[in-house]
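Take the sequences, apply the hints, and build the full model.
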Amino acid sequence: MSAIPHTATPRRDTGLYNAKVGTWLFLAAEAMFFGALVSSYVFLRSASAEWPAARDVLPVGYAVANGIVLILLATASVKARRAARAGKGPKWLWICVVLAVCSVTLVALEHRIVGATGARASTSTFYGMYYLLSGIVRIHVGGGAVVTAWIAGPCRQFADIKPIRYANWVECLGYYWLFVFATSLATFVLVYVV
Amino acid sequence: MTEGIRHSARREPGWLRRAVSCDHKVIGIQYALTALLMLFVAFCMVLMMRWQLAYPESPFPFLSNFFGEDDTRMPKGVMLPNFYNQLGAMHGTYMVFLAVVPLLVGGFGTYLVPLMLGAPNLAFPRLSRVGYLCYLAGIVIISFSFITPAGPSNSGWTGYPPLSVIETGGQTYWLVGIAFVYLSSLFLAINLITSIVQLRAPGLSLLRLPFFVWSQLVTSYLLLLAFPPLAAAAVLQLMDRLEGTSFFLPSGLVVTGKPLDASGGGSALLWQHLFWFLAHPEVYVLILPAFGIIAEVIANNTRKPLWGYKGMVVSAVFMGFMSMLVWAHHMFLTGMGTVISTFFQATTLIISIPSIIMATSLLVSLWGGSIRFTVPMLFALAFLPMFGIGGLTGLPLALSATNIVLHDTYYVIGHFHYVVAPGTLFAIFAGVYYWFPKVTGRKLNDTLGHLHFWPSLLFMNAIFIPMLLQGLAGVSRRLYDGGATYGFGQEVFFLNKAATHSAFALAIAQLPFVINFVYSLRWGKKSADNPWDATSLEWNTPSPPRFGGNFDKPPRAHRGPNEYSVPGKAKDFSPQWEPEEA
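Taken in order, these protein sequences are the chains called A and B. Number 194 marks the last residue of the first sequence (my numbering); no jumps. Number 582 marks the last residue of the second sequence (my numbering); no jumps.
Some hints here could point you the wrong way.
As the list claims (entries may be wrong) - Which residues of chain A face chain B? A partial, calculated answer using Cβ under 10 Å:
#1 H6
#2 D13
#3 L16
#4 N18
#5 A19
#6 V21
#7 T23
#8 L25
#9 A28
#10 A29
#11 G35
#12 A49
#13 A121
#14 S122
#15 T125
#16 F126
Derived from the structure by calculation, the hints contain no laboratory data. Beta carbons are placed, not taken as given, at the ideal position from N, Cα and C, and that holds for glycine.
Structural data, given as structure tokens:
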């Protein structure tokens with residue numbers, strides 16, 4: 001069985017290792033996915049006769065709190081990358097997991113409050129879009145939490161066996177969290193501010 | 001940095017271990033065989049549809065005894081309109097999403113790209129395996145809808161709302177299945193692009209890549225960037241179907257005389273935009289790898305370098321970029337404004353330029369060549385005029401004035417099928433005949449290959465020329481009975497029979513290929529490692545390449561991909577892996 005080149009060390013002419021290229025490509029596809037959802041939001045909103053102001057009908061406080069949590073999460077992911085490169089323990093990764101769980105919980109609470117007013121996804125395209133966009137972000141945060149916990153826990157042994165590859169994984173995870181933060185920020189601005 | 005090769009001292013693995021391995025060759029073969037099966041299934045569906053069009057409400061031959069009088073799809077073998085719609089939707093879905101794209105990218109791409117790069121495997125072997133499993137899951141889910149009481153989706157392969165939202169058939173299965181196919185495409189695209197960027201052998205610069213690899217690179221970018229909007233659209237439509245949202249349902253919709261119980265406020269056009277943002281680039285996903293295959297076959301069989309290789313590369317990249325700016329030419333009938341339609345007319349005409357450059361380069365490559373009329377070359381030569389007809393008949397559809405007249409007619413079916421049936425499928429056959437010796441270590445039989453090629457060329461045209469004629473006569477492409485009950489177009493109704501008989505003849509013409517394929521796997525003439533005297537790196541491996549590793553030692557590329565008939569050389573081919581003579 002032949003070894004695949006550049007799984008750990010960068011290729012000389014591109015300056016990249018494989019996982020970094022793969023992660024960027026994955027995030028490019030994710031950007032197109034979110035771009036399509038955002039375009040759909042803009043399309044439906046511009047074609048709609050009436051579109052409520054989100055500030056009036058949605059609990060903005062939860063969304064702001066969630067935004068702050070995601071800022072902290074993005075920061076923690078950067079710290080985690082530095083710690084991994086320095087060969088330190090997975091403390092920051094676990095902090096990422098905790099913050100991600102907080103974010104998911106906040107969105108769940110927000111949905112519960114909105115749901116208590118009788119607003120369902122089927123009530124109008126506004127609510128449909130609200131539930132969909134926030135739900136998709138929530139799925140991404142939840143999925144990221146699972147992967148982060150997996151890297152911080154069961155995969156931790158690789159930090160000793162293959163330290164460079166392990167640090168690469170953590171770096172790629174950091175790109176993901178930054179992307180999720182940017183996406184949720186864009187969603188927040190789109191739904192609540194614009 | 002190449003870390004060298006570790007030779008395994010263990011025994012050769014058994015078939016089960018190979019079957020579930022992450023070796024790109026195993027996965028490529030699995031993709032190819034599965035996709036060929038899907039191609040066969042989709043072809044059978046269209047044979048049933050063609051029978052219905054030629055002989056409306058007549059029992060399908062051989063099947064009338066299998067269906068009772070109370071059957072909800074084909075009572076006593078006579079096809080009902082809803083089942084016709086379901087077959088139409090599934091034919092397009094199977095062909096595009098489950099057969100041709102997985103065959104070209106999953107089969108040819110996964111198998112050949114690492115070999116052409118001089119790499120031991122794809123960059124992410126496990127992802128490759130997961131991608132294949134997602135593809136299988138997509139097939140299972142979409143196919144499962146056939147055995148549900150309501151049957152499969154009946155809203156076309158385009159899944160247009162509002163019908164797709166309110167219909168009770170298997171549209172939900174379709175949406176979930178497409179989501180799995182999307183994941184498969186995503187993983188494929190990530191794997192191929194990363195491999196091409198990262199795993200090229202020393203000396204294999206970008207402009208030394210075979211054109212096939214370039215075609216796979218651009219195709220992968222299209223899959224990567226164009227498929228996500230359809231995935232988003234599928235999520236929106238699933239919400240409409242399962243959660244009662246109205247993203248694609250306008251206000252005031254009345255169904256069978258009753259107001260629809262939905263909040264409304266959505267737009268059916270939104271789906272069309274999202275769908276065609278994928279589906280038009282998907283056309284180039286279907287044709288670019290075909291060009292890649294044809295380029296390799298033509299260069300090898302003319303014993304000449306490709307004429308205009310760099311121009312072809314630039315054209316492929318430009319085509320990939322432009323393909324994302326033409327989607328709304330499928331929507332001229334939706335009443336878009338003249339400014340927007342003018343923009344999309346212009347982009348659609350512009351995108352014909354790179355297509356013409358590539359086709360012309362291949363044509364000019366024949367000039368002065370010492371042509372070997374092998375079976376793969378015959379398919380490659382046939383590809384050029386067939387693609388030419390497909391491309392040229394598309395030009396009237398690029399203009400909104402003529403598009404509006406032709407859009408709902410058989411002309412569109414004829415045009416599109418000329419591109420993908422005698423176009424892409426001929427390229428696939430060319431590729432199968434060309435690389436079969438590398439994959440299996442045995443050659444396909446030439447006589448059977450000729451028996452396959454010539455009738456196929458004849459009957460492909462006999463199927464699709466009538467469609468163009470019917471379309472020009474104004475026959476609608478959405479009629480379950482082929483137009484039998486309409487006074488309109490009666491003078492060309494007989495062409496339905498001609499096309500149908502040709503379709504069945506085409507099916508018979510595939511028998512030599514099936515026999516050849518199966519026979520040659522075991523009893524075919526044994527092939528040398530480089531039976532075609534070819535130059536790209538995949539021919540520097542044993543035939544078939546060894547499981548778990550491709551090359552005896554890491555190869556180095558010393559020259560471009562198609563250096564044939566170099567003056568002063570003893571041989572008429574200079575392989576990439578051979579060092580320059582001192």
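*Against which earlier hints does the structure fall short, listed by number upward?*
Those not satisfied: there are none.
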